[in-house]
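Visitor: This is what each chain is made of:
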Amino acid sequence: NAGVMQNPRHLVRRRGQEARLRCSPMKGHSHVYWYRQLPEEGLKFMVYLQKENIIDESGMPKERFSAEFPKEGPSILRIQQVVRGDSAAYFCASSTVDRKGQPQHFGDGTRLSIL
Amino acid sequence: ILNVEQSPQSLHVQEGDSTNFTCSFPSSNFYALHWYRWETAKSPEALFVMTLNGDEKKKGRISATLNTKEGYSYLYIKGSQPEDSATYLCAFIEYGNKLVFGAGTILRVKS
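Residue numbers (the numbering used here), protein chains in the order written: chain A, 30 to 144; chain B, 1396 to 1506.
Hints should not be assumed to be uniformly reliable.
[Said to hold, decoys possible] Calculated pairs, DSS-like style, for lysine-lysine (alpha carbon to alpha carbon, straight line, at most 25 Å):
#, chain 1, residue 1, chain 2, residue 2
1, B, Lys1454, B, Lys1473
2, B, Lys1437, A, Lys56
3, B, Lys1437, A, Lys73
It should be emphasised that the hints constitute simulated quantities derived from the structure, not laboratory data.
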């Protein structure tokens, strides 16, 4: 049973380009979460999605960032017109039904570097 | 703004020592508390999900307790081994599924 798969593991972009980060949840999981770890900081919540719905995006920057979890295919975190401050590790997690006793299972992350 | 505090920030122990860390969280509007173990270059691994005041959970040599009234959880490791070296994260949920993480406790176990 494959775990949470994120790709790419490392992504390098120049300022102004777009970054697309992909996350395939564990089999049977319909809830996806994105977290960001800025340099020298802890994990911070960005967004929580279910299939075709954004449930909570309170941690997403207001501009340039968007996320989707389509009916088919992986969840995508999209960053438009990247800036140096977007350099971070982006982690995706997934869980089963929305019950408070369920852990979130994390992927290995995507390390985004902006030149 | 929710604040989840973990102490100590780092800990160096000898193989065989027992150790414990603290996670403090807001005592109002408690929903759940998660503990994760995070090794370098790997993904955070879920250890425990604690939901009830007085909860005690155990996994091998690692155990955790929860006090929601005073807002703290302890993680204990009995007889530390070098492979226990990792960052231990706690995360608080006030509502829904949004995890608010502490900064973590870095454990290094010397053989």
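Visitor: Next, verify each hint and record whether it holds.
Guide: Cross-check of the supplied hints:
About 11 Å separates the Cα atoms of Lys1454(B) and Lys1473(B), which keeps this hinted pair within 25 Å; it holds. Of the supplied pair hints, the one linking Lys1437(B) and Lys56(A) holds, its CA atoms being roughly 20 Å apart against a limit of 25 Å. For the given pair, Lys1437(B) sits about 17 Å from Lys73(A) by alpha-carbon distance, which is consistent with the 25 Å threshold.
Violation of the numbered hints given earlier is absent; every hint is satisfied by the structure.
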